[in-house]
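2 protein chains.
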Amino acid sequence: MTYPRYTPLIENLPSSVPFVGPESQERERKFLFEARLGANENMFGPSPKALSALKKYSDEQWMYGDPTSFELRCALAKKHKVSSDNIVVGEGIDGLLGYLVRLLISVGDNVVTSDGAYPTFNYHVTGFGGNLHKVPYSEDHEDIDSLIKQAQLVDAKLIYFANPDNPMGTHVSGIKICQALEDLPKGCLFILDEAYSEFAPASSLPDIEISDTRVIRLRTFSKAYGMAGARVGYGMAEESLIKSFEKIRNHFGMSRISQVGALAAIEDYDFISDVINKVKLSRNRISDIANDNNCKFIPSFTNFVAIDCLKDSKFAKKVLENLINKGVFVRMPYSYPQNRCIRVTVGLDKDIDLFEKYFPIALKES
Amino acid sequence: MTYPRYTPLIENLPSSVPFVGPESQERERKFLFEARLGANENMFGPSPKALSALKKYSDEQWMYGDPTSFELRCALAKKHKVSSDNIVVGEGIDGLLGYLVRLLISVGDNVVTSDGAYPTFNYHVTGFGGNLHKVPYSEDHEDIDSLIKQAQLVDAKLIYFANPDNPMGTHVSGIKICQALEDLPKGCLFILDEAYSEFAPASSLPDIEISDTRVIRLRTFSKAYGMAGARVGYGMAEESLIKSFEKIRNHFGMSRISQVGALAAIEDYDFISDVINKVKLSRNRISDIANDNNCKFIPSFTNFVAIDCLKDSKFAKKVLENLINKGVFVRMPYSYPQNRCIRVTVGLDKDIDLFEKYFPIALKES
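Taken in sequence, the protein lines are chains A and B. Residue 170 in the working numbering sits at position 170 of the first sequence, with consecutive numbering throughout. Residue 321 in the working numbering sits at position 321 of the second sequence, with consecutive numbering throughout.
Hints in this document: simulated from the structure, not taken from any laboratory. Hints are not guaranteed to be accurate.
In this list, chains with the same sequence are indistinguishable; a pair is considered to hold if it fits within one copy or across any two.
Straight line, CA to CA, 25 Å or less: simulated BS3-like cross-link-like pairs of lysine-lysine [what the hints assert, rightly or not]: (1) Lys350 / Lys278; (2) Lys56 / Lys350; (3) Lys78 / Lys296; (4) Lys311 / Lys79; (5) Lys243 / Lys30; (6) Lys149 / Lys56; (7) Lys134 / Lys278; (8) Lys357 / Lys134; (9) Lys357 / Lys186; (10) Lys79 / Lys243; (11) Lys78 / Lys30; (12) Lys186 / Lys278; (13) Lys318 / Lys81; (14) Lys134 / Lys79.
The model shown is predicted, which means the values in this text are computed figures rather than measured ones.
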């Protein structure tokens, strides 16, 4: 009998998983969630145009998708006023982050992120043997100046920065980002994860030339576009960086129906602005519920709200557990001091009704 | 201005792409193909049950798919009489091959495959810095004994073997595979790509215990199940190898609709056996057309037929080009001596009618 010989890197990796999905939690707890408010999914769903494209073209599923996602890239290029050569489409931002880390990080290379920021990015960095340097949040904001200072100190090849931020929902202005980038050390690529940017004011978008080799921006159809299940993310950057993805990506990784759905969704501007309004209303409602229960909400520019339960992480964890046991799936930040909060995704009225009903009880029982 | 610092491995990788999709060829040539007979897609399409599940659940697309593909893995486990812990689901066999290579291959590690076998596997091996050792085909069959001998010589960590084979469509018996595996060197994992196995006789399936750590078997919904566009592949192996994928895979890489579609498709046994019959009839028709044009067909156990044009690769290439220029998309093997052939995918009658019409002309003009 033989055995597989894993690489030394793989041998030493933990078997940990960045996120346990709600379905796994349901199976473990042997009941179904009544409200799914933990994964920052968008309950308002995709544009009807996307849905009808999905249905219309589902018969074409016998064909592989176009490995270049050409039409989708062209539509995105038009939307963002760049060339299709500036755009790479991939299996969600998660997939693109994996490729990006693989392009740049060998064993021992340094990477800078915020302590408590997106765990899937950390998962990929660890997975390729990179050294993660974590910088604390500053007043519930990712601290861009400190991130860049840390990158200078350790000669980092990558910085991860989300704007707006997840899990706190805060944002910084585009002008602030541009100023901070002036101090970006040479040879460091700045990953700007804009997954939630559609929910934020336009002023949070930095004015960065697409030819600027310091930055790659990541976007997704999972949030404002309500298509998390389709797995469509994209990156925008200077041409040669985009081209480098061709060396390693799974060229046939994209579902054909997802490509078609995303293409139809882009064009439905009215629907998206309606969704953004609905998200704002629901966000306000969650914020009000926080206030009504003598908690504090962190002003959010995303489709979720971090609620400060005004005690320690142990207490927040208990509130979370109580909510989950009552059928309301929510999540919470991983790191101190953000882990004094729980994070509640925007939802339909019926979902928020349940949260409104159970939150006071969950607090009382904690 | 900074610049990204790629890893040394990435710097040295070619920007080549394993397959140019038919859509790119159409854009380049400025016309649409009338028959799509080049990518071994299945024109008989998915089960109506899969299609109706797709349509029924398309509204659920706002949710991420279950990152564990639990229900799908359970259904596959039941079908194959193994445990769900023996199954990993991924973004097509292509995606799984990428993960598998990453698990085992560091720069300089040795890998054995057949000269002219699946280029996407080679792409991944090169992409992780592995050394590829290519063994010639023997009489249009992948030569399993020579592959294993070569693995012994170079202390390979991986062997790739497809049964039935692509691009020639030949197969070996399961008994032969089991015998050959007796000589597999220690520390070498045998990848058995069974993408086309549903089209082959049951005797081509080796009787290998799922606890056997020497082998991983790969299957797909892209061929017999007619769902290439959905990107659903799976691997079956001993538990600890399957578990190792958790360390590196894109946990949220699967489209939710694809998961649902695959689940519905598995259960439609009648539809699949009907498709397999239709494929056999169309394969026979392509074989007859080869004979009628004084060419030779290679007896196929897949959904395609390699046609020996009985001249050299230059001639076959011309025939291929002529067919493509007439709107019939076909492909051909990459390596000598298989590249004396063109490869024609099984299709609907209307597709094969076009091939029948244009093949004699393409031959004459070559």
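The hints, checked one at a time:
no. : hint            : in the structure
1   : Lys350 / Lys278 : within (14 Å within a copy, 49 Å between copies)
2   : Lys56 / Lys350  : between (30 Å within a copy, 22 Å between copies)
3   : Lys78 / Lys296  : neither (41 Å within a copy, 50 Å between copies)
4   : Lys311 / Lys79  : neither (44 Å within a copy, 51 Å between copies)
5   : Lys243 / Lys30  : between (46 Å within a copy, 24 Å between copies)
6   : Lys149 / Lys56  : neither (51 Å within a copy, 51 Å between copies)
7   : Lys134 / Lys278 : neither (35 Å within a copy, 58 Å between copies)
8   : Lys357 / Lys134 : neither (37 Å within a copy, 65 Å between copies)
9   : Lys357 / Lys186 : neither (52 Å within a copy, 61 Å between copies)
10  : Lys79 / Lys243  : within (20 Å within a copy, 41 Å between copies)
11  : Lys78 / Lys30   : between (47 Å within a copy, 21 Å between copies)
12  : Lys186 / Lys278 : neither (42 Å within a copy, 60 Å between copies)
13  : Lys318 / Lys81  : neither (47 Å within a copy, 41 Å between copies)
14  : Lys134 / Lys79  : neither (34 Å within a copy, 46 Å between copies)
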